[in-house]
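Chain residues, written in single-letter form:
Protein chains: 2
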Amino acid sequence: MLPQRILMGPGPSDVSPEVLQAMAQPCIGHLDPEFVSFMDEVNTLLRKTFLTENAVTLPISAPGSAGMECAFVNLLEAGDKVVIAINGVFGMRMVENAKRCGAVPIALEFEWGTPVDPDKIESALKENPDTVALAFVHAETSTGVRSDAQALAALANKYNCLSIVDAVTSLGGIELRVDDWGIDAIYSGTQKCLSAPPGLSPVSFNAAAMHRVKKRKHDPQSWFLDLNLLTGYWGAGAKRAYHHTAPVNTLYALHAALTQLHSEGLENSWARHASNYAKLRDGLQQLGLEYVVDEEYRLPELNAIKVPEGVNEAGVRSHLLEQHNLEIGAGLGPMAGKIWRIGLMGSSCTERHVDLCLSALAEGIENNKS
Amino acid sequence: MLPQRILMGPGPSDVSPEVLQAMAQPCIGHLDPEFVSFMDEVNTLLRKTFLTENAVTLPISAPGSAGMECAFVNLLEAGDKVVIAINGVFGMRMVENAKRCGAVPIALEFEWGTPVDPDKIESALKENPDTVALAFVHAETSTGVRSDAQALAALANKYNCLSIVDAVTSLGGIELRVDDWGIDAIYSGTQKCLSAPPGLSPVSFNAAAMHRVKKRKHDPQSWFLDLNLLTGYWGAGAKRAYHHTAPVNTLYALHAALTQLHSEGLENSWARHASNYAKLRDGLQQLGLEYVVDEEYRLPELNAIKVPEGVNEAGVRSHLLEQHNLEIGAGLGPMAGKIWRIGLMGSSCTERHVDLCLSALAEGIENNKS
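Taken in sequence, the protein lines are chains A and B.
First residue of the first sequence: 985, per this note's numbering; consecutive thereafter.
First residue of the second sequence: 985, per this note's numbering; consecutive thereafter.
I should point out that these hints are in silico values taken from the structure, not numbers from a laboratory.
Check the hints yourself; a few may be wrong.
You can't tell identical chains apart in this list, so a pair holds if it fits in one copy or across any two.
Calculated pairs, PhoX-like style, for lysine-lysine (alpha carbon to alpha carbon, straight line, at most 25 Å) [claimed, not checked]:
(1) K1065 to K1083
(2) K1199 to K1032
(3) K1199 to K1083
Modelling step: build the complete structure from the supplied sequences, incorporating the hints.
Pasting the structure below:
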């Protein structure tokens, strides 16, 4: 039996008892007519969450990294130019994915902790009129920064290329409007602001993106992530074509988590994330702690905090985990050892979590000064 | 709330209440030190199940099809020759995977419902001494046939190529000895004879297979399934490198299911599958029903039965589902409409299941004669 933690790291977030119980329902056959209707319900709930009418809106049967790979392998072919904004770990991963597709990434780097600069993106798109796609991360989990997805998607439209948006940490936590913003392809995860267990990656592709998938010269390099096959399996209403075996129980959990989200209301969820962030921010300020990101660009759901001079970074995290069963995150890559990442995602975004985190953090820091 | 079914199709099989409850434990962080030890336990349990000492034995965070893709994208590079035995749907899928790697599949076809003929495989390997791998399905879920994995793996060794074995439906249900049989790469699923929910694919790669992965000219085309990265994440003991977010709760379920399996004993599980098969076979004979596969090559866990003349195939399945909440499977591909597939897998392999299936089937057939 593993210990019960309070999850305030970069994900997974706390999963509610209702969602856990939904997950523990008896498994049903993935081709059962009742399950097929259930799949339609999941897709409908996902459309409500992405704020899209896209027919191709479904959960990939694997975590968010597979959602990223799904977008890249379906939309890019060998030799295709793709402009990729890098301002953290997940932009770097996009470049890696593009390379493995044989595509030609034009990587634009931005200082970690700052958002993607639309002007620089526009220059790159202007210089490379044969660009097929612009890929960027809406909410960088590694730094806690929000980029302007609406402005960036508009640039992709202006320069006649597809937008690929990483919304792993944004979906459900901050404003995100797939159709209104003209986003072409987007993927997310379930274990962040949706507060379902990890293991699925909701994706959505609009007609322009699917047009590109359908007119590919070669099949996507992944069979498992081939959207032409996946849409046959998940396709609403029509007779399903067997593809793989969907992770039935994990889908039960996602269905329950999305139902909870929409029972609260999507915009109310965004507001809750904003208000608990404000409470956390004020408390952290009182502790003399500083954010990595300027206030304007901060993600309410992922708070990257500088470790004060003379404080043992890992010691504080261990203290929180061992004394309070409270998980917060470490830094990744160049930020390892220098920051903590405090998540306020989904079910982990409550006043109680904020209070607990602030008092435990104060104690942990006090106990880990050199 | 979905109806509670009795799962006697080609998978998923019934998941025990204990496994469902394990899955509903609170989610823990995938980098939590306690979870890292838990991952080691899962890998140890998987080694006991595959009967291997392979260091690289781990569950891929996606269903069995992704396990297949993992084997192909890691072991094959563009231009590599791979001999693939096709005697059902899953051999065909292997060819599809090989093509997407840019590999050159040498596909050998065998009549559906018959096993792979080692003599024909040997001829092909002899004719193609530059073959990199031999891929075949141990237990063809589409037809219910068992091929001689030991003999086929020995041929791969004899002709100095790697064996890639699909054990999705065999693991836990019939004899399978990865080390003793000299299998190089193998993948399975969780929702068949292991009776965990779908969503994971246990894989194992021996030193020869990993040598090939390490000396590749190019990175595998999949980032998500790249074994060099996955072993950094799952690597026993050492500090883990973050790769993706493991499906924590699904792993709880797998751990519990494997614990149940080894509490019974692996060989006892094989024996249970054999004895309940014998009971089912005798009962089906009494109903005048015929198997697709000759007795010698039958899988106890997957019974492919010919639909009698004048009986409405789909009508019988609907009757079973609607009147008894009992799922059996339909035929795939050329066998659609011609056969039923009755699963006796894992927790669905009990005397009670056999009795229920026989009586329901007798009634269903009686009600669906034209």
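Against the structure, the hints come out as follows:
1. K1065 to K1083: For K1065 and K1083, both the intra-copy (10 Å) and inter-copy (24 Å) Cα distances are at most 25 Å.
2. K1199 to K1032: For K1199 and K1032, the Cα distance exceeds 25 Å both inside one copy (28 Å) and across copies (46 Å).
3. K1199 to K1083: both (21 Å within a copy, 19 Å between copies)
The structure is inconsistent with hint 2 alone, although it conforms to all the rest.
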